[in-house]
Every structure is written in C-alpha cells, then in structure tokens.
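Visitor: Residue numbers (our numbering), protein chains in the order written: chain A, 1 to 316; chain B, 1001 to 1422.
One should not assume that every hint holds.
With a straight-line cut-off of 30 Å between C-alpha atoms, the simulated DSS-like cross-links for lysine-lysine are [said to hold, decoys possible]:
1) B/1276 with A/273
2) B/1126 with A/116
3) A/167 with A/311
4) A/136 with A/164
Label-pair ranges, simulated between beta-carbon atoms [unchecked claim]:
5) A/285 with B/1222: 35 to 43 Å
6) B/1173 with A/253: 50 to 58 Å
7) A/126 with B/1370: 38 to 46 Å
8) B/1173 with A/193: 34 to 42 Å
Simulated from the structure, these hints should not be mistaken for lab results.
Beta carbons are placed, not taken as given, at the ideal position from N, Cα and C, and that holds for glycine.
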Amino acid sequence: MSEVERRSPPATEKEYRVRYAIVATTVFSTIALAWAAEARVKVVVSYPYIESLVKEVAGGEAEVTVLAKAGEDPHVVVPRPSFIGKLRQADLFIMNGASLEIGFVPPLLQQANNPKVSPGGRGFVDLSQSVDLMGKPAKVDRSEGDVHPEGNPHFVLDWRNVPKLAKAIAAALASADPSKKEDYERRLHAFEAKWRDRSAVWEKDAARLHGRAAIQYHRLFNYFFARTGIAVAAEVEPKPGIPPTGRHVEEIIETTRDQKIIAVFTDTYHDRKTAEGVAKKLGVACVTLPHDAGAVDGSGDIFALFETLLKRLPND
Amino acid sequence: MRLLPAILFLLVCSTAFAQGGGGNPFSQSALNPQLSAIGDFSLANVSRADDAASAFVFPGFLSDAVRDGKERGFNFNFLELDLSASVDPYFDFFSFISIEPDGIDVEELYVNTRQLPWGFALRLGKLFSAFGRLNSQHKHFWDFLDPPLVYEAFIGAEGIKDVGARLSWTAPFDFLLQVHLEVFQGKPEGNPTFDAEGFTLAAENGSLVSAPDAAVPALFATSVKTSFDSGDHVVLLGVSAMTGPTTATALEGPASTGSMYVSDRTWLYGADVTYKWLMGSYRSLALQAEFLRRQSEGTTIDGRSAEKNSVDKVNSGLYVQAVWRFDPNGRWRVGARYDILLENESSHNGGRFAFPADLPRYSGMLEFSPTEFSRLRLQYNYDRSRFAVVDVAALKRFDQKDLQEILLQLTFAVGPHGAHSF
C-alpha cells in the first residue's frame, strides 16, 4: 500500500483520454460549425448566363462554376474531366435543358457519383421546365438536321423569360440552403424590379424594328427576334447543325431579296465567311450577336447581354 | 444460319418498340428504354490474302491475330444496339448488344447505383474493365478502325469484359481523381492474357495433362485516373493493374503445335496519358499514349511430349497517337499512330529464349463526319509486327512478314443523341 495520502489522485490514463476527446470534439465542432456558417452553396451551371443569374440572386453566397465558355458553341462543350470533380462537390447543378447539354452533361453526371445533382436529385435543376418553348418540331427526324424534340432551347434570349429563370434559380438556392431563403427572395425581388425597368426600355427601343426581317446563321436568336418583332426570313444553315451549301445560299438570296432584311446575324463560333457573303449580296451588314453572357466584349452579365443585343441591331 | 438468332432478336425488339402510342389507354410507350443503333462497315485492301494474314502471330505474346473489319473486300463489322433506362430511383440500366457476322455478343449489361453516398458508385453485371484508356470504350469511339497493337496482343479483339462488379470513387476535388476497384469471374472472352478456365491437353504421345478451373472470382483490377486543365489545355493520366490466372495456347520456343501455357498469376500493368489542346468549339489536337506491360510466371506443356517447362515471361508495348480536328466546321480529322511491341522475353527453366522484339506498326487516318451521327474514315496501316510460323523439324521459327492495309470504314448511328466522354 502506498503511504502517501492523495487528496486528488492524478488522472489515470483513461481519464486523460476522455478529457482529450472532449476538448478535441469541442474544438472540431466549433470549427465545423464556423465553417458550416461560412460555407457557401456550391453551384455548377452549364452556361455563363446561368452564372450571372445565380450571382444576381445569391450575391456572394454561392460558389459558382461554369462548364461552357461564353463564346463557344453551347451544343458542343468538351466534357473536361475536371468537371466531374466539380459536380462531385456540387450542392446544385443548374442547366439550360431542352437537349442543349445532351452531348456532354450525361456522362459527367454519371461519373460524378453525386446523387444530389443527378436527375431525380433535389439539386438538379432544368431551367427549360420553367418556360414555354417555341419551335417544337411537328416531325422529329434527323433528316431535318439536329432538331431538339422539346423545341428551340435558346429561350434565354427572350427577356420576358429571364425573370422566370431567376425565380426557378432562387427556389433551387433556397432549397439547397434554407437558412438564406429570405436573402435569396429579397435579391430576387430586387432583380425583378430592375429587370422590369430595363425591359420596358428595351421594349420601347425594339419597337423601331417591328415588321422587319432578319437572316440568322443558326436558329439561335428566334426568341430574341420574336420579342423584338423581327421576322426570321431564313437561316444560313440549310438545316440545324448542317454547314451551308452554295445552292442554299442562292436560295436565301432569291427568296429574301424583296423582304426588308435588316442584317445577316451570326454568332461568335461559326465561320463568318458564308454569312458575310450572303450579307454582301443583299447589301446589308453582317452582325455578330452574343448568344450568351460574355460571348462578345461588353456583354458580361445578363443585363449587358440584352443591352449588347439591342445595341447591335441596326438602326434602320 | 448464325444470323438467325440475330434476326429473331431484331424482330422481338422491333415489335416491342413499335407498340405503344396510338389509342391504347394503357400504353406506356413513354417508359420505353432509350434505344439506339450503330452500324459499322468497312472496305479493305490488304497486301496479303486473308488466310495468310490471319495466320500471322506475334511470337511469344500468346495472342491470335485480330482481323475484324480487315478482310479483303466488303466487311460487315457490327450492329450495336444500346438500350438504357433508369430502373428505379436506385439503379440505372445499360446494355450494349453487338450483332456481328458470327453471332450476338452481349458486350455489356449492367446496372449502376444512383444513390450511394460519399462519391461511391457500384456497377454490377457484365462490363468492360476500367483498365487503361481504351478498354472501356466501345469500338465506334476508337480513333482508328483497329485497336492498338498492345491491345491486340494483351487484351484481344473484344477488350477485357467479364461478369463482375466495379466499385468507383470520385474524390471531392476541383480536379478529377477517380479510383476503380474491380472483381471479375476471370473468363473474359477472346482474351489472350486472362482465363480461369481449366483445360485438358491430349499430347501426341498419348498422355493427358489437365488442370481444373481456377478458383473464382479470379480476376482483380484497379485503376486510378486523374486530370488537370489549364485554359485550353487538358491532361488526363491513368495507371492500371490487373491480375488473374492464364490459360493459353502457346507458341513457346522449341515447342510444337498444341502446346499450352498456364499460370496461376499473371500481372498486366498499364499507364496512359492524354493531352488535348482545345481550339475553339470545333478544332482540337489530341495526343494520346499508352504503355502496357505483362509479367507472368507459369508452365508450358509441350503439345507433342506433354513435357512441362517452367517459364518466366515479360512482354510490353506502347502506342502513341495524334489526332487533329482541323476544319472550321469540325467535320474533318486527321491522325497518325505509332505502335510498337517492345519487350518479348521468356526464360525457360532458367535459360533465356529470345523472341523477336521491337515490332512496329505505322498508321494514318483521315476522317470525314457529315454530322456526329455519320462518319467515313480512310486508314492506312504499314504493319511490321507480324510473323509467319515456319515449322522446321518441329523447331519453331518465325519469319517477319510485312502487311499493308488500306481500310475505308463507314459508321452511322441512329436514335437518341449519344453523349461524348472526354
């Protein structure tokens, strides 16, 4: 027996372990809670215009990754393997839909192994579900070129569709991060108000071109022309996704000579040569329009996209 | 008559999918799986007769020549039928059925889990191994009509596909890091490297040598893939390893026809690198290289005397290729490939047997794709890797034979839009 009286016996090894565990747990949970409070919603979006809308609604509270590059063909984005890692970590994946991403998103989502953002998951958002699509083909057959059975997928270019998209995005953000629901709603309302003001100006501006007609390279700007009252007279492509032929070019020139064509409109990713040739024959300008936020200089966000589109429409 | 089952299958498919719609109030045609079909034909001009070309060997590599799509004149190569759908909220279903002139091959038939947490996914069924860069790609994704020599020599015409399971994990990083673990039954079809099947060899001197099937599942594999990109430059790297038993017919050294090679543990290693420079929407330059090495310790059993010899084998090889998509509409591609089988060593009972090594092949191709659903490809191969077997007094000798091939390939796809992987 020990002769030493011990008023408070030193802690046994087991007690030390318990104390250590308590301290460690406290430290870790404090860090985790602090991190969770700081953690921003991780959002992956397919196109830059969606990024711009997410930033409008989420402010700085979302970390956004964009898959497509602004000036490139939205149909043929190269599925970089790093996108798989980004989708793996995402809380939300917001895409355009209507088969625009059909060529690159399915294998990315499949390999990301993230049920949250896979079809059927809570964080999977298809914006085409929030708007009415135009140009739904009566006959779906590839002899008609690269047709989208759901209709024309470039619906973002109608400014009246944009608030519907913003609303869908706000709802998705709120479901991913309910603690900030009110912030998202507040910013959504601010965005909607600003959008109403700007689009009233655009409506007035576009009125000058009512009843005129345009030629476009691809069926890319149908929504924009419909909103501005400009008729689409022809496409430089004989069929969606099919490069132009000499015969088709002659046909366009023949059939549109008597219409009041304002310009031949092309995009940032197709070869300009044929479009320029058609414009020259018709004696009109060949104009490059942005199809997405940032596709041309000065069209960086969703507002600038529409400002640029309208600014680039010829004046007479 | 081998086509009869194929025709029956097509009939069943077409009646199944022709139904639905119309006025049937119980029609569930909206729930039909996605069905797409890919047809592949080629026209070949080869410098040697088909019989001669298909009898050529890579001495020491245990493999048979793969002549798919390369017989003189017109070739029907395959009709691939792909069916896929979600089974329920927990599984996705995929099947890839290849109908070929010599029958139907269920290339893949598997389910993928949809809901596993922490970045895991399971694939169960019959599947291509994730080994290497090309193994899991179906033929119509290849950049050339034929597989690289290393694939032909180590993996066979059909790729490593077998019944089994794959567990995949994707890391939560901003770059790609993926790990795959696989287990297979061990009897992949047409594979020169792995086979768990037992055998009986009746030697010419009347003695019988036999071995039972290896314990199954017998084939195990792992692979790690990672990728980084900076601006328009993307790099994808992979390393793979696979191990399992081997049962193969062998042309090993001074042995006679009907000899066998067996090993209860063969290792196959692979390393691959792909670099892509993306130039706008339609132009790109892709460089790709892959190195494969096989190590095997086993036994040869002479087909004449049933004599057994212990053998150590080391084989390796690589290919390097460049493909440039160059025109403004992205319809044209031009490519070159250099193949070489490098090491080819066997030691018999401690003594080294020198097989021919450093066997090259040079290929070039030009491709025109009117849309992404149709493709016409012209390919030229100058192949210096093949040997004819010359039997001189039961002592095998190998004579190198040049082979030149001009191949015109037509591929077309119908049905839902197929997506592209990187």
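Visitor: Hint by hint, note whether the structure agrees.
Guide: Comparing the hints with the structure gives:
1. B/1276 with A/273: With a Cα-Cα distance of about 27 Å, the restraint between residue 1276 of chain B and residue 273 of chain A holds, given a limit of 30 Å.
2. B/1126 with A/116: Judged against 30 Å, a Cα distance of about 27 Å means the pair holds.
3. A/167 with A/311: 27 Å, holds
4. A/136 with A/164: Given that 30 Å is the threshold and the Cα spacing comes to 20 Å, the pair holds.
5. A/285 with B/1222: 35 to 43 Å: 60 Å, violated
6. B/1173 with A/253: 50 to 58 Å: Holds, since residue 1173 of chain B and residue 253 of chain A (Cβ atoms, about 54 Å apart) stay within the stated range.
7. A/126 with B/1370: 38 to 46 Å: Violated, since residue 126 of chain A and residue 1370 of chain B (Cβ atoms, about 30 Å apart) do not stay within the stated range.
8. B/1173 with A/193: 34 to 42 Å: 40 Å, holds
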